[in-house]
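Given only the sequences and the hints, what does the whole structure look like? Please build it.
252 is the number that the UniProt record's numbering gives to position 252 of the sequence shown; each next residue is one higher, with no gaps.
Bear in mind the hints are in silico, worked out from the structure with no lab data behind them. For each residue, glycine too, the CB sits at the ideal point set by N, CA and C. Hints may be right or wrong, so weigh each one.
[Stated by the list, open to error] Below are the DSS-like pairs computed for lysine-lysine, each with C-alpha atoms no more than 25 Å apart in a straight line:
#, residue 1, residue 2
1, K38, K18
2, K335, K322
3, K306, K335
4, K170, K206
5, K362, K306
6, K322, K360
7, K170, K137
[Said to hold, decoys possible] The following label-pair restraints were derived from C-beta to C-beta distances:
#, residue 1, residue 2, range
8, R294, R232, 46 to 56 Å
9, S43, E276, 45 to 55 Å
10, D9, V108, 26 to 36 Å
11, H171, S10, 33 to 43 Å
12, V307, Y273, 39 to 49 Å
13, H171, R198, 15 to 25 Å
14, L101, F263, 53 to 63 Å
15, H171, R294, 12 to 22 Å
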Amino acid sequence: MINSSLVPDSYAIASVLKACGCHLALKEGREVHSQVLKLGLSSNRSIRVKLTELYGKCGAFEDARRVFDEMPERDVVASTVMINYYFDHGLVHEATSVFSLIRIKDTVCWTAMIDGLVRNGESNRALEVFRNMQREKVMPNEVTIVCVLSACSELGALQLGRWAHSYMDKHGIELNHFVGGALINMYSRCGDIDEAQRVFEQMKEKNVITYNSMIMGFALHGKSFEAVELFRGLIKQGFTPSSVTFVGVLNACSHGGLAELGFKIFHSMAKDYGIEPQIEHYGCMVDLLGRLGRLEEAYNFITTMKVTPDHVMLGALLSACKIHGNLELAERVAKSLVACKNADSGTYILLSNAYSSSGKWKEAAEVRTNMREEGIEKEPGCSSIEVNNEIHEFLLGDVRHPQKGKDLQKVGGIEPNIKISRIYSSNGGCAA
Numbered sequence: 001m002i003n004s005s006l007v008p009d010s011y012a013i014a015s016v017l018k019a020c021g022c023h024l025a026l027k028e029g030r031e032v033h034s035q036v037l038k039l040g041l042s043s044n045r046s047i048r049v050k051l052t053e054l055y056g057k058c059g060a061f062e063d064a065r066r067v068f069d070e071m072p073e074r075d076v077v078a079s080t081v082m083i084n085y086y087f088d089h090g091l092v093h094e095a096t097s098v099f100s101l102i103r104i105k106d107t108v109c110w111t112a113m114i115d116g117l118v119r120n121g122e123s124n125r126a127l128e129v130f131r132n133m134q135r136e137k138v139m140p141n142e143v144t145i146v147c148v149l150s151a152c153s154e155l156g157a158l159q160l161g162r163w164a165h166s167y168m169d170k171h172g173i174e175l176n177h178f179v180g181g182a183l184i185n186m187y188s189r190c191g192d193i194d195e196a197q198r199v200f201e202q203m204k205e206k207n208v209i210t211y212n213s214m215i216m217g218f219a220l221h222g223k224s225f226e227a228v229e230l231f232r233g234l235i236k237q238g239f240t241p242s243s244v245t246f247v248g249v250l251n252a253c254s255h256g257g258l259a260e261l262g263f264k265i266f267h268s269m270a271k272d273y274g275i276e277p278q279i280e281h282y283g284c285m286v287d288l289l290g291r292l293g294r295l296e297e298a299y300n301f302i303t304t305m306k307v308t309p310d311h312v313m314l315g316a317l318l319s320a321c322k323i324h325g326n327l328e329l330a331e332r333v334a335k336s337l338v339a340c341k342n343a344d345s346g347t348y349i350l351l352s353n354a355y356s357s358s359g360k361w362k363e364a365a366e367v368r369t370n371m372r373e374e375g376i377e378k379e380p381g382c383s384s385i386e387v388n389n390e391i392h393e394f395l396l397g398d399v400r401h402p403q404k405g406k407d408l409q410k411v412g413g414i415e416p417n418i419k420i421s422r423i424y425s426s427n428g429g430c431a432a
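So, in structure tokens, the structure goes:
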């Protein structure tokens, strides 16, 4: 177009910039940007937004921020674009900075902030942002609610998750695949598997993702047979299981000790569905064998895998070795973990505890000494409680939390009931 002496208008340039962004064509995008400057179109709003998108997608954040800062009016659309791309690359502080500059925030902007925080492991902050959104009387939409449910899933915030569910019902938000899957995940991970199943059964239309959520939920709660039956039901309904489906059903087989069925399903992945097992699937099988005490078989399985074992898999086998008292294999597995530089504090502690369980106190002490010499510290335990729709997290030994006194009073109020239930249980009754 330029070679033929035709002058492109703003619409044409915006379209070309969008194409450059979709193909991550940074070099070509910069060339278009230079044409924008020559043509005097740099103040055009749509072009500036597309330039911001282009540089953001390509990871050129200095350029994206410069274009953004030079906008005569940085509206909520351009700001949301910047927020999304900062979050996509883990730049939480920068995203928060842009968000704080927006004077009038709409639902999309609030949702982008909540979603980005959840994706970057900041679920507690995400819920704080959601509460601020409510204070500002901005109405959440379907996507907002799904993001909130994801945060609740991460934190175990069942009370707030139930509120989100009732909000959906009250405002007529459809129970589709997107929302239904999020609800099933939330209830499953927050401990209410019965409600998760009710949501699943209420859904008029289901897809593979919906089935996956329910299968994973059953597996998480040790309902192995229900998970396997649902896996079979998925196939009967004409759906093709995905890689995630197999992680869920193999997990269920592991928790239920269903070795023969587990291996049958594992081998069917490549044979019947053309899905090559990945590290997660191999990990399920190692966990299955480890739980059953078939430790040497699990170790041999690892040595013949097509993928390199990770620290999660080796850690699971090390834990099984401790439980079943196989100290010799525990030493081998621990050495493998240390050799591949994947050892964390848990590796050393598991090995030390394995020695202690076998009465080898000297060896246990040596492991702890090596741990200190390597500069590896045990990560403090973390607990959380939900009070009035807010999550309070506590590290072991932490006395700085502003709500510490009040929350310990609540826990103290529970403790007598726990003691009573323990006494009742020890006398032959059923523990609460």
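Do the hints match the structure? See the list:
1. K38 - K18: holds (19 Å)
2. K335 - K322: This hinted pair holds, its Cα atoms lying about 15 Å apart.
3. K306 - K335: holds (21 Å)
4. K170 - K206: Distance ~22 Å between K170 and K206 Cα, so the pair holds.
5. K362 - K306: Given pair K362, K306 is violated - Cα atoms ~38 Å apart, limit 25 Å.
6. K322 - K360: OK: K322 and K360 at ~13 Å, within 25 Å.
7. K170 - K137: holds (17 Å)
8. R294 - R232: 46 to 56 Å: violated (25 Å)
9. S43 - E276: 45 to 55 Å: Check passed, 52 Å falls within 45 to 55 Å.
10. D9 - V108: 26 to 36 Å: holds (28 Å)
11. H171 - S10: 33 to 43 Å: Holds: the Cβ-Cβ distance is about 39 Å, inside 33 to 43 Å.
12. V307 - Y273: 39 to 49 Å: violated (18 Å)
13. H171 - R198: 15 to 25 Å: 20 Å Cβ-Cβ, so the 15 to 25 Å window holds.
14. L101 - F263: 53 to 63 Å: At roughly 56 Å between Cβ atoms, F263 and L101 fall inside 53 to 63 Å, so the hint holds.
15. H171 - R294: 12 to 22 Å: violated (52 Å)
The structure fails to meet hints 5, 8, 12, 15 from the earlier list, while all remaining hints are met.
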